[in-house]
Amino acid sequence: MAQVVIRNLNKKFDEVHAVKDVNLQINDKEFMVFVGPSGCGKTTTLRMVAGLESITSGEVLINDTVVNELPPMDRDIAMVFQNYALYPHMSVYDNMAFGLKMRKFDKAEIAQRVQEAADILDIGPLLKRKPRQLSGGQRQRVALGRAIVRHPQVFLFDEPLSNLDAKLRVQMRVELKKLHNRLGTTAIYVTHDQVEAMTLGDRVVVMKDGLVQQVGAPLELYNRPANRFVAGFIGSPAMNFLPVTLADTDGSLWAVGPEFRVKPPAAMAGRLRGHTGKAVLLGIRPEDLRVTNGADPADHTFEATVEVTEQLGSEILLDLTAGPAPMVASVEPTVTAKVGDRLRLAFNPDRLHVFDSQTEASI
Amino acid sequence: MAIATIGAAARQNRQRNPRPRNRLLEDERWLAFTLLMPTAILLGLFIAYPFFKGVMLSLSSSRVGIEGDFVGLANFAKIWNDSIFRTAVWNTFWYTAVTTVFKLGFGLWLALLLNRHFKGKAYIRAAILLPFIIPTVLSTFAWKWMFDPTFSVINWALFKVGLISARINWLGDPDLAMASIIVVNVWRAVPFFAISLLAGLQTISPELQEAAAIDGARPWQRFWYVTWPLLLPVTMVVVLFSVIQTFADFQLVYVMTGGGPANATHLFATYAYQIGIGTGLLSEGAAISLAMFPFLLLIVVVQLLYIRRVETR
Amino acid sequence: MIEGAAWRRWVFFYIPLTLFVFVLLFPFYWMLITTFRPDGELYQPWNSPRYQPFWTSNPTLDHIKYLFAETLFSAWLWNTMFIATISTAISLFCGVLAGYALSRLNFPFAGSLGTGIFVTYLVPQTLLFIPLADIIRNFKLGDTPWSLVLTYPTFLIPFCTWLMMGYFKSVPKELEECARIDGASRLQAMLYIIIPVAVPGILSAGIFAFTLSWNEFIYALVFLSSPEQKTVPVGVTSELIRGDVFFWGPLMAAALLGSIPVAMVYSFFVEHYVAGLTGSVKG
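Chains as they are written, first to last, in the working numbering: chain A, 1 to 363; chain B, 1001 to 1313; chain C, 2001 to 2283.
Note that these hints are calculated values from the structure, not bench results.
Please note that a few of the clues may not be correct.
To be verified - Below, a list of computed lysine-lysine pairs in the DSS-like style, where the Cα atoms sit at most 27 Å apart: (1) A/Lys128 - C/Lys2173; (2) C/Lys2169 - A/Lys130; (3) C/Lys2173 - A/Lys104; (4) A/Lys167 - A/Lys178; (5) C/Lys2065 - B/Lys1144; (6) A/Lys12 - C/Lys2173; (7) A/Lys101 - C/Lys2173; (8) B/Lys1053 - C/Lys2065; (9) A/Lys130 - C/Lys2173; (10) C/Lys2173 - A/Lys20; (11) C/Lys2065 - A/Lys12; (12) A/Lys29 - A/Lys208; (13) C/Lys2173 - A/Lys208; (14) A/Lys167 - A/Lys177; (15) A/Lys130 - A/Lys167; (16) B/Lys1078 - B/Lys1053.
Starting from the given sequences, assemble the full structure and let the hints guide the process.
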């Protein structure tokens, strides 16, 4: 059992309120990802769990014990840093053995544990080398190895893949996932990359300006974002936001934009009634837009002009404008569209999102 | 296999609770306090206390072996009316100003020369620092020997070149003696300036020079508009150090002239030594060396303010 | 680098550089040649036809022999070595600890303490030598090497601290954070991780401090009185001159031999020395 509970956690640096009233429960064996733009408080929260940053107010509990005053060495955690923080004057073996030596394990057990971890991570041949003789990917593995030899209660990861090139990052992401499945240790993982968050996390915490925006499983965040920020942050390319006004015409509700009007699906109408006459934001993901084949009901289509086309091979990204509103559509590679073309686009009404323009909360 | 053993070990790990440790040193403040203790003791005992004691001494009438009485500012009044002290004050400022200008000029020139690529650069750079490494007293003796009126190699060289016809008594004439001291001080400090400024030069990206050249700047324009402004912060710090060292200089004058001829080349420090240690008038000597303090403080404050301004620009 | 015609290279580069090197190194050559020159050649007036400045046809070891047989030179060498080594060690110990505290730990007044160290760094020895001599006498340390071993750190510690602060700032903070999570206390993280990583910086500070203590003059001149206790610079000044008579041969031999230990240490660690020198003027 290794459960981490965060209660009303706050952190203030002189002027800046970096973390505001964070409440979270990270369950045993769970892989929890903190994601958000830089400066959102995710790393500060992680460092408070690690004991590297003092807590202004609130509590951190590991296994039902308040650890606020416990120095990092006594928290039984391991952490992997963005720059790996390998001790440059020690061999790979000594790097991995350091934590065990500090805890006075006997030599034989240290050797056995290091060997085990080296086998798991496939770094056996590197044990005698110094960190500077390793490639980026190898350093990453050693940093991981140093964390797992300790068999800690909780793994903390602070953007561990950011220093790797794109290809290696994807590869290590998969390995991390495998490793977690195999060891089952509770993990907290901080990243600014929403793809990493979606692929790795059992659950994901989205943070902004020190506040938790939403906590949920990756698909939950994708399908039911709690507010405009989460909707725009999760998913790539990002969701399109169209400012519209809700108008009641002939007893049915329309979302009226500058040069188009569409009809929200009946299922949403109930929730939207209360906002009649008000400005709202319509959220449509690029992958929920397509060029209409004529069969779509006119209520769910509108016209837009192509500004730029980006060929990705498996799909085409169209940068369009519908009146003044810019948007991106991800369409089939078979679509032939040139710059300046007027296209009629259809959206998937079941996947339409509507946000209050004042509070930005999902309606 | 591995998974199972790790699971088992993890359970066993739980039991291995960390042994009690010295919690006090986990607190940053206590640790900082402990780490700073030895330094604080030594600096307190041998800087703060002597400073305090020096002030007390300068306000009393102590001599070697005799505890004096409190006499207020009498010592300062006395030295103020002492013509040798006034000469020493003038000498110190003159010496500091002239040497600093030459050190900076030659040091910068040498730094610019060394900033090029050429064969044997590492050796040249290492050799050039020698005047700064070798104990001042020892190299000053070599200069004193070179300036010896009867056996001077400098006189010989000047004579051979045809610049002089009779011997020059370098250290016997007040003005020449001061000039000789200035030469030796500049000689000793130019390497320090050159190497420090070279380090500053090396942090300036060559692309800036190249960009300026493409923009049509001539070499001296490139220096004046690109290199010099970027070098200014380093230059200021180097000058600050040098000015303070020079202002408080002792050994060079002590060896070269001992303050002579006829007390014409004294600086604050050599005169303080002559009065305080030579004649045993401790209080007066302490007053003379403490008289440096306001000037040093002024130099430090002005320079630090200037450095801050340059750096925040 | 932008280069011009060949003659420009000579005028603007080779000739000035050669002149610089010549002037900066000539006094050492003069020391060397005087050391091995017999007295008969040494005391030829510069305008005598037999003045032969740059070479000697009868090299002799007399001056060096005189130095070791008739003076306490070997004792001075040993004293200087002893004092420089011990005071450097003390200063490194204090400077590394203080530099670590000031650059890595958060505590009240850290900033003003750092400034305080910088200010003491600028206090010249000549400001305090008279009261300090009094204090040394009161502590019954006068005329012992301990008077210097304990006072040299006052100008070495601020320098070492300053240099180490700069060096520690360049070591990633994550290293010790990782060590602390790995189970090391703050003190262990410092001892096992940060200090070993900072060895090049410590070496720079040490070399620089060693040359500074070897060079120190006024404290040694004031605190030491018996000839057998003196350091090389002071011994040479007071014992190789009788009234107005300078024994130039032995004097130059002493200057040469007294310089060799520092020059050796320097030549082995030029890069570290230069790093220390340039680090000392960096803010």
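Please work out if A/Lys12 and C/Lys2173 have their alpha carbons no farther apart than 27 Å.
holds (20 Å)
Would you mind confirming whether the straight-line C-alpha gap from C/Lys2169 to A/Lys130 stays at or under 27 Å?
holds (23 Å)
Satisfaction of hint between A/Lys208 and C/Lys2173, Cα-Cα up to 27 Å
holds (25 Å)
Given the hint that A/Lys29 pairs with A/Lys208, test it: the Cα-Cα distance must not exceed 27 Å.
With a Cα-Cα distance of about 26 Å, the restraint between A/Lys29 and A/Lys208 holds, given a limit of 27 Å.
With the threshold set at 27 Å, check whether the alpha-carbon distance from A/Lys130 to C/Lys2173 stays at or below it.
At roughly 20 Å apart (the allowed maximum being 27 Å), C/Lys2173 and A/Lys130 satisfy the hint.
Given the hint that A/Lys167 pairs with A/Lys178, test it: the Cα-Cα distance must not exceed 27 Å.
holds (17 Å)
Does the structure keep C/Lys2173 and A/Lys104 at a Cα separation of 27 Å or less?
holds (25 Å)
Restraint status (C-alpha distance of A/Lys167 to A/Lys177 at most 27 Å)
holds (16 Å)
So if I understand the rule, the pair passes when the alpha-carbon distance is 27 Å or less; does C/Lys2065 with B/Lys1144 pass?
holds (23 Å)
With a cut-off of 27 Å on the C-alpha distance, tell me whether A/Lys128 and C/Lys2173 pass.
Within the cut-off at roughly 25 Å; holds.
Going straight from one Cα to the other, do C/Lys2173 and A/Lys20 come out at no more than 27 Å?
holds (25 Å)
Under the criterion that the straight-line Cα-Cα distance not exceed 27 Å, is the pair B/Lys1053, C/Lys2065 satisfied?
At roughly 45 Å apart (the allowed maximum being 27 Å), C/Lys2065 and B/Lys1053 break the hint.
In this structure, the hints that do not hold are numbers 8, 11, in rising order.
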